[in-house]
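K.L.:
Chains as they are written, first to last, in the numbering used here: chain A, 1 to 250; chain B, 1001 to 1248.
It should be emphasised that the hints constitute simulated quantities derived from the structure, not laboratory data.
Among the clues, some could well be false.
Stated by the list, open to error - So, partial list: chain A residues that the calculated Cβ filter (under 10 Å) puts toward chain B:
(1) A71
(2) Y87
(3) L90
(4) T92
(5) M95
(6) F98
(7) P99
(8) N149
Unchecked claim - Take a look, some chain A residues computed to stay more than 12 Å from chain B by CB distance:
(9) Y77
(10) I86
(11) E96
(12) V124
Cβ atoms here follow ideal geometry from the backbone N, Cα and C, with glycine treated the same way.
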Amino acid sequence: MKLKKQQICWFSNIDGYLIVMQIECQNISYQYPQTDTHVFEHLSCQVTGPGFHALFGQSGLGKTTLARMIAGELTGYSGQIQSRQIYEILYTHNMERFPGWAGIGDMMESTIQASGRDMLNELVDAFGIQPVMNARFSQLSLGQKNRANLIRYLLQKFDLLIMDESLANVDETTRGRIIITLKTLFPEKCFLYISHNMMEIAKFCNQIVVLRSPCKHPQTSMISGQNLMTENNFVMKELEQTMLEIVHAS
Amino acid sequence: MLHRRIQQFVLVYFLGLLSLLLVKYLLNLSDYVIPGPVEIWQTCKSVFARYVFNVLDTLWIAVVGHIISIILAFMVGILGRHNSWIGSLIKATAYSIQAYPIVAVAPIIFILLGDGLMTRLLIAVMICYFPLLLSVIGILSEPVDSIEHFYVSTKRMNWRLQVRIRAYENINKLTTVIAGSATMAVVGTIIAEFIAADAGIGYSIRTALYQSDLSKILTALFLIGISTSLYLTGLEWVGNVIQKKCQA
Chain A
1 MKLKKQQICW
11 FSNIDGYLIV
21 MQIECQNISY
31 QYPQTDTHVF
41 EHLSCQVTGP
51 GFHALFGQSG
61 LGKTTLARMI
71 AGELTGYSGQ
81 IQSRQIYEIL
91 YTHNMERFPG
101 WAGIGDMMES
111 TIQASGRDML
121 NELVDAFGIQ
131 PVMNARFSQL
141 SLGQKNRANL
151 IRYLLQKFDL
161 LIMDESLANV
171 DETTRGRIII
181 TLKTLFPEKC
191 FLYISHNMME
201 IAKFCNQIVV
211 LRSPCKHPQT
221 SMISGQNLMT
231 ENNFVMKELE
241 QTMLEIVHAS
Chain B
1001 MLHRRIQQFV
1011 LVYFLGLLSL
1021 LLVKYLLNLS
1031 DYVIPGPVEI
1041 WQTCKSVFAR
1051 YVFNVLDTLW
1061 IAVVGHIISI
1071 ILAFMVGILG
1081 RHNSWIGSLI
1091 KATAYSIQAY
1101 PIVAVAPIIF
1111 ILLGDGLMTR
1121 LLIAVMICYF
1131 PLLLSVIGIL
1141 SEPVDSIEHF
1151 YVSTKRMNWR
1161 LQVRIRAYEN
1171 INKLTTVIAG
1181 SATMAVVGTI
1191 IAEFIAADAG
1201 IGYSIRTALY
1211 QSDLSKILTA
1221 LFLIGISTSL
1231 YLTGLEWVGN
1241 VIQKKCQA
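Given the sequences, and given the hints that come with them, work out the whole structure.
P.N.:
This is the structure we're talking about:
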């Protein structure tokens, strides 16, 4: 595949060929240790290019398991997970906590370099947690906890960030605003968003990997989302069509 | 807290004393076996001041022994928290030694070091240290995934941060374990004095035993109970202050 270099920044040149940022799962099979439960049987899927992508599926189908496999936190599966132009993968989930011995502002600053301070301020404003920056993590609401946790991950070096229900307990308007902020501030990064909110996924995500039960083949289905860059600028019919496709695929 | 703890101890002590006197009168035992209340009171008055000093002597050894045990337990516990070869070795050794009654090992220390301060201190430390070590290893080897995940993923985790996270998250358990091990430090010191010392309340009990003087033993037990209650209350107070500071 030969592409024009100036088209998109997430392509790199190797011997005259341009390689696209991609994560690809090939023929993945996995069963939980000491059980007969097969989570994946010959699962294959891929996400290509930077942007906001989604992993969607009913509860218990293995979204978190697959995410942890991609992040390298879970091994013992057969098949291959290959990445191109993706070197740093981070996985974050909504159950994470900050240590409790200092305020969240101090804890965030302790994990960034001086150059990241401007980005920290920008994210704090966009995520709406400025008033609680001096509070301890335990004093925050669930939504504030998730937003604070996401910010500290965004300040790290990453090519792919897997967000496992990272915006749970956050109201819909703020969630939309946060996703648009991510897409604007990190256009060259790849996000894989796990959520049960079908409308949100259909609205904001580019590629949607729909995970299906292990008895269905293929176990994944790929849907194109609306990939909106603004919250309200969408055609309802198209959005409904995408949502219908997701429902049919799952 | 102190007031209630001492009240409870005094109640238990006098219930025990009452039972002993009940046995004496029911079985018609002589004063030589179990002395009467008047004799107990008179003996108490005569030895009280001397025994207070003996108890204080024992208590400071117990406190020093306890502090040494805590420091040692944390140092070795930090090494033993890993699932590595060294961690397994430390755990296996601690469990094996814990299975031995230290009282049975104590004479070896007595033979090697003779009687005196070092022997008392060493036996107190040994009795207190191993249970404390096992608890500390248990607490520090338990990952706090919800907090540690970020630091592991971003390769920021180091041993100091890991220990800090686990200790902070288990501060209640740690303070309880440390306060609980204080009684073992006191018991260890008294045992050490009982078998290998020329000072302390344990030594006084041994002397009273040779004289078959139950009144002296009862007085010693009363003072041991009071001093242990004081020490435990002090430790619990420190524990509460630490916990409150952590939660502030």
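K.L.:
If a hint holds in the structure, say so; if it doesn't, say that too.
P.N.:
Comparing the hints with the structure gives:
{"no.": "1", "hint": "A71", "result": "8 Å, holds"}
{"no.": "2", "hint": "Y87", "result": "13 Å, violated"}
{"no.": "3", "hint": "L90", "result": "6 Å, holds"}
{"no.": "4", "hint": "T92", "result": "7 Å, holds"}
{"no.": "5", "hint": "M95", "result": "5 Å, holds"}
{"no.": "6", "hint": "F98", "result": "7 Å, holds"}
{"no.": "7", "hint": "P99", "result": "6 Å, holds"}
{"no.": "8", "hint": "N149", "result": "8 Å, holds"}
{"no.": "9", "hint": "Y77", "result": "19 Å, holds"}
{"no.": "10", "hint": "I86", "result": "15 Å, holds"}
{"no.": "11", "hint": "E96", "result": "6 Å, violated"}
{"no.": "12", "hint": "V124", "result": "17 Å, holds"}
Checked against the numbered hints listed earlier, the structure breaks hints 2, 11; every other hint is satisfied.
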